[in-house]
Every structure is written in structure tokens, then in C-alpha cells.
Amino acid sequence: MSFIEHLQSVPLFSEMTNDELKTLEQSMVIEDYPDGHQIVSEEHVNDRFYVLLEGEVEITHEKDTERGLQRISTMGPGSLIGLHGLIGHNRPIVSCRANGTVKAAYLPSAAFNLLYQYNTRLPHHFQTIVAKQLASDYRNIVGELREMMLADNI
Amino acid sequence: MDMTPVSFKQQFPAIAEHCGPAGLNDLLSTLQPLNVQSGQTVTEDGEYCDSLYLVGEGKLVSQITSDTETIRLGSLKKGDIFGEVNILDPGPSTSTVIATEDSMLHVLSHDAFQRLEKPHPVMTGNILRMMCSIMVDRCRIADKLLFSKYTYAEGIKDSKSTQHAGIIEWGRDILQKLHGHTGTQS
Numbered sequence: 040m041s042f043i044e045h046l047q048s049v050p051l052f053s054e055m056t057n058d059e060l061k062t063l064e065q066s067m068v069i070e071d072y073p074d075g076h077q078i079v080s081e082e083h084v085n086d087r088f089y090v091l092l093e094g095e096v097e098i099t100h101e102k103d104t105e106r107g108l109q110r111i112s113t114m115g116p117g118s119l120i121g122l123h124g125l126i127g128h129n130r131p132i133v134s135c136r137a138n139g140t141v142k143a144a145y146l147p148s149a150a151f152n153l154l155y156q157y158n159t160r161l162p163h164h165f166q167t168i169v170a171k172q173l174a175s176d177y178r179n180i181v182g183e184l185r186e187m188m189l190a191d192n193i
Numbered sequence: 159m160d161m162t163p164v165s166f167k168q169q170f171p172a173i174a175e176h177c178g179p180a181g182l183n184d185l186l187s188t189l190q191p192l193n194v195q196s197g198q199t200v201t202e203d204g205e206y207c208d209s210l211y212l213v214g215e216g217k218l219v220s221q222i223t224s225d226t227e228t229i230r231l232g233s234l235k236k237g238d239i240f241g242e243v244n245i246l247d248p249g250p251s252t253s254t255v256i257a258t259e260d261s262m263l264h265v266l267s268h269d270a271f272q273r274l275e276k277p278h279p280v281m282t283g284n285i286l287r288m289m290c291s292i293m294v295d296r297c298r299i300a301d302k303l304l305f306s307k308y309t310y311a312e313g314i315k316d317s318k319s320t321q322h323a324g325i326i327e328w329g330r331d332i333l334q335k336l337h338g339h340t341g342t343q344s
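So the protein lines, in turn, are chains L and W. Quick note: the first sequence uses the numbering used here, first residue 40, plus one each step. Quick note: the second sequence uses the numbering used here, first residue 159, plus one each step.
So here's chain W without its partners, still in its complex pose:
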């Protein structure tokens, strides 16, 4: 089902507020629909990605993995977006996103976004500015966590590892805030 300007404004007001009528029409015509089934992977941690994803329907989870464990970062639902780092700076995805329900996404690629620049420089500039604000907030939270973890690691490096589980839980909580605020993650 095609998204209308009205439904877009309702679902994604933070983006829509930067779009005039013509810009919004062009943006909507640029979005590519992507239907994913429950269990299907949308982005893979470390794999190349160059797109922003807007969740039109369904639910998804984001997570990071190591050889030994998977850490769930947060959930995504209708109206959320993810992938803003990759649309700005195409490269390795910073997490894996998997659908937990059949979901419908709208995909805005880096190239498509760049093509909007010429006819709508103010709109794209302001959307970029919005995404920059999100990233600044995330960087600040991540930096605080790093500072705390460095401090914590210095304090416990000679102690028993029984506190390890505690700090991992705490780190997960911060990462969920990091990736989950305003429902977005990268």
C-alpha cells in the first residue's frame, strides 16, 4: 500500500515537519517498500548498509553479537526509524535488525537521498540536521558509558569477575537507551 502525505505526517512527524508539499511528494516517491517476514534479517551487524529504514508496519529487534553471546539492544515498531548512520555514511551496519513480525518498511537509500538534494536543498539539509542531533545525543550517551566503563574496568581489573554480569546488564541498559531513544537505532 502506497503511503500518502497524510499518513506519512502521522507516522513520521519528525521527518515530515521539514518537508513542504512538493518535497514530501518527491520524498514519498523515492521511498522503496520492503516487506519482510517474521525472522528475516534486514541489516546484518558489520555488513554494508547505505539506507535509512522507516517502519510502516510490524515489529523488529536490533542486536549485536559476538562469538559467544547476543545482546539485544531494543525493539522497533511502527513509526520508528533506523539506519541513520548508514544513510549518512554508508558502511558496516552497527547492529543486526531482525523482524519479529511480518513487517513493512520504507527504504530511503543514500543515493536516493542525494538525488533529493538538488530540488530540495533546504528540506534535505534540515533532515540531515535532525539526524545529526540524534547522533550527537547518542555520541554523548556512548561517551558517558565509555568513561564509566573505563573507570569501572580500572577499578575491578584485579578483582573477581562476579561483577562482570552486573556491568554487562548495566551496559545493555545504556545501549538500549543509546539505540532506542526516539525509537531509532543504527
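Excised from the complex, chain L in its bound form:
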């Protein structure tokens, strides 16, 4: 499957035109990662935005794990990784590790910023994708937080 076909299969990218996807293709790098490869770590500032194309990654909170707490989830093809670190210019809030062989495309931060210099719909479309993912993340975190705050059995 080509890079563009991969992205077209991701719902978040479905509104992008072929020309926009081709521009993204020119900006992104595709890599394969072995099982156990640390793609994003809470310990290091992240300067890449990843789209998972094939395989599965495991999401962990290292600090939780150190304390024996388990908040682990997995993400599959089409998932976006590294947004929080890239946009916030800070260390990511989670770590991501390949669970089996993984193929992912990444956009370096410099290319990420260059996208906004295109006087086309691409910046808006791309930012919409990022925004929708962040809004979803925000809802999930705040939802969990609210459940804990409003629970009677803390």
C-alpha cells in the first residue's frame, strides 16, 4: 500500500485532497521500527509527529509504571503520535513503544512549521486533523478526571 493510500484509509485524513496528500508525502519520512523500539519517550523533548501506518504501539506513563500503577493502552494504524510534545515544545505526556514490527511516517518539526507557510487549504486541513485529535485527547483526559473527582469512593 502506498503512503497516500495509507493516509486515505485514516478517517482524519479523509478530507484531504490528493494534492495535499502528495505535499505531505514529500514532507514526511517513512520508517520501520522493530519490536520494543521506543518511538516517543516522556524523558526526551519530541520533535516529530508520527502517523502509525502498520502495526501496534503500546502507550505507557512511565511515572505511573515506576510506582506500580498501570495505565497502559494500545494504538493501531491511523493513530497520531507525538502531537503534545511537538506543539507544546515540551516532553510528551506519554511514552510509545513498538509492540511488534511497526511502520510509521513522521513529520519533523521544521517541516511541520513549514506547512503553515503554504497559502492554500493545506494548513487549515492539517491543523484541523491535529485539532480534532487534541480535542479528543482533551475530552478523554478530562472525562477520566471528572469521573475521579465526582466519584464517591475516592
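If you're looking for bench data, these hints aren't it; they were derived computationally from the structure. It is possible that part of the hints are untrue.
Distance ranges between label pairs, derived from CB positions [unchecked claim]:
#	chain 1	residue 1	chain 2	residue 2	range
1	W	D260	L	G115	47 to 57 Å
2	W	D260	L	S41	54 to 64 Å
3	L	E70	W	E215	45 to 55 Å
4	L	M40	W	E215	46 to 56 Å
5	L	E70	W	K276	31 to 41 Å
6	L	S41	W	T228	52 to 62 Å
7	L	G115	W	Y206	20 to 30 Å
8	W	G237	L	T56	34 to 44 Å
9	W	Q272	L	G115	21 to 31 Å
10	W	D269	L	T56	16 to 26 Å
11	L	S175	W	L186	25 to 35 Å
Pairs of lysine-lysine residues, derived as DSBU-like cross-links and limited to a Cα-Cα distance of at most 30 Å, are as follows [claimed, not checked]:
#	chain 1	residue 1	chain 2	residue 2
12	W	K167	L	K171
13	L	K61	W	K276
14	W	K276	W	K167
15	W	K217	L	K171
16	W	K236	W	K167
17	W	K217	W	K235
18	W	K236	L	K171
19	W	K217	W	K236
20	W	K235	W	K167
21	L	K142	L	K61
22	W	K302	W	K235
23	W	K217	W	K167
24	L	K171	W	K302
25	L	K142	L	K171
26	L	K171	W	K276
27	W	K235	L	K171
28	L	K61	L	K171
Glycine included, C-beta positions come from ideal geometry on N, C-alpha and C.
Following the hints, position chain W against chain L.
For chain W alone, kept in the frame of chain L given last:
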């Protein structure tokens, strides 16, 4: 009263800085005025919402509720905005917002914002980028609170519940920061 480009730049500089003259004019013509009376609910926790609200005049409070209690998250005043999650991702509102004074709001709907995209792709892209930065900050604060609460809950799960009130107060403080920074909330 219609908002002028000058008054908009004064009240909402974080948005206005991304707008050229033509873009700002189109944005202003897109905003819908909404007058609310003191006590009136603007958004309801859990109810569908698809708009960003800009506070032109008045004061409002945001809160979340359960069956047994209401937690006040923060207050909103002239120049503040709320609803950025919903304009990006229409769906259930994450809090209830109620006017505590007669207030005048400017409403930018998801559809209206999308209509600005074609003539002003750079402007809308940069406004989205600004809202994304706000959400990233909020996610980080919320995640820290979650981490702390998980840790705290593990530590006290077998103890008396006398500390419960303390952690709720602490949680409220964090949530106020979460929802209140730069005067915005969702």
C-alpha cells in the same frame, strides 16, 4: 451593538493577531450576537455544543455537576472565550456555563468557521493552531492531575475518607487552572 475591527482587536488580541483586514471583516460578519440574561444557561454539561463563545460584555461562571454536587470551575468576563473544544470537535459540552450578569456573547459556530476556511486558509489555520496550543497546555495539566490523583487514590484507598474533602479542594484548584487559564474554558 456591532463589533468593529478596532474593538475586536482590543478585546480579543490573541485571535485578532492572526487576522488580516479582509479576514477580520469576514470573521466579524460571521459572529452571531447572543444576549443572555443573568441566570440563563449558555452551555449545558454533556449537551451537544458546536460553537466558540467570545464574551463581549458581562460575567459568567462555568461548573460541572454530579448527582450530589456542583463544582465551580471558574468565572468568565469580557474578553474571555470558551468552547474551543466544541468548535473543533462538536459534541457534548465539558461544562455548564451560566450567566451571572446580563451578558452579550459573540458566537462562532463550527460551520461558520469552516466557511471561513476557503477564503482565509492561513488565518483559520493559525487560529486553529492557537486553540491547539491551549488544548495541549490543558491536556498536560489534566494529565498531571490524573497522575497525582491515581497516586493519591492508591495511597488512601484503605484509609479514612477524611482526606477526601482536601483532595477535592485541590482538584478544584487544578481544574480552575485547567479551565481558567487565559480566561478560557470548555
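Hint check:
1. W:D260 / L:G115: 47 to 57 Å: 50 Å, holds
2. W:D260 / L:S41: 54 to 64 Å: 58 Å, holds
3. L:E70 / W:E215: 45 to 55 Å: Since the Cβ atoms of L:E70 and W:E215 sit about 53 Å apart, the hinted range of 45 to 55 Å holds.
4. L:M40 / W:E215: 46 to 56 Å: The hinted range 46 to 56 Å holds for L:M40 and W:E215, with Cβ atoms some 54 Å apart.
5. L:E70 / W:K276: 31 to 41 Å: 35 Å, holds
6. L:S41 / W:T228: 52 to 62 Å: 53 Å, holds
7. L:G115 / W:Y206: 20 to 30 Å: Holds, since L:G115 and W:Y206 (Cβ atoms, about 28 Å apart) stay within the stated range.
8. W:G237 / L:T56: 34 to 44 Å: 37 Å, holds
9. W:Q272 / L:G115: 21 to 31 Å: 28 Å, holds
10. W:D269 / L:T56: 16 to 26 Å: 20 Å, holds
11. L:S175 / W:L186: 25 to 35 Å: About 30 Å separates the Cβ atoms of L:S175 and W:L186, which means 25 to 35 Å holds.
12. W:K167 / L:K171: 27 Å, holds
13. L:K61 / W:K276: Given that 30 Å is the threshold and the Cα spacing comes to 20 Å, the pair holds.
14. W:K276 / W:K167: 23 Å, holds
15. W:K217 / L:K171: 29 Å, holds
16. W:K236 / W:K167: 13 Å, holds
17. W:K217 / W:K235: 5 Å, holds
18. W:K236 / L:K171: Satisfied, since the Cα-Cα distance of roughly 27 Å is no more than 30 Å.
19. W:K217 / W:K236: 7 Å, holds
20. W:K235 / W:K167: 16 Å, holds
21. L:K142 / L:K61: With Cα atoms ~19 Å apart, L:K142 and L:K61 stay inside 30 Å; holds.
22. W:K302 / W:K235: Between W:K302 and W:K235 the Cα gap is close to 27 Å, so the pair holds against 30 Å.
23. W:K217 / W:K167: Roughly 20 Å between the alpha carbons, so the hint for W:K217 and W:K167 holds.
24. L:K171 / W:K302: 22 Å, holds
25. L:K142 / L:K171: Holds, at about 23 Å.
26. L:K171 / W:K276: 19 Å, holds
27. W:K235 / L:K171: 27 Å, holds
28. L:K61 / L:K171: 21 Å, holds
Hint violations for this structure: none, all hints satisfied.
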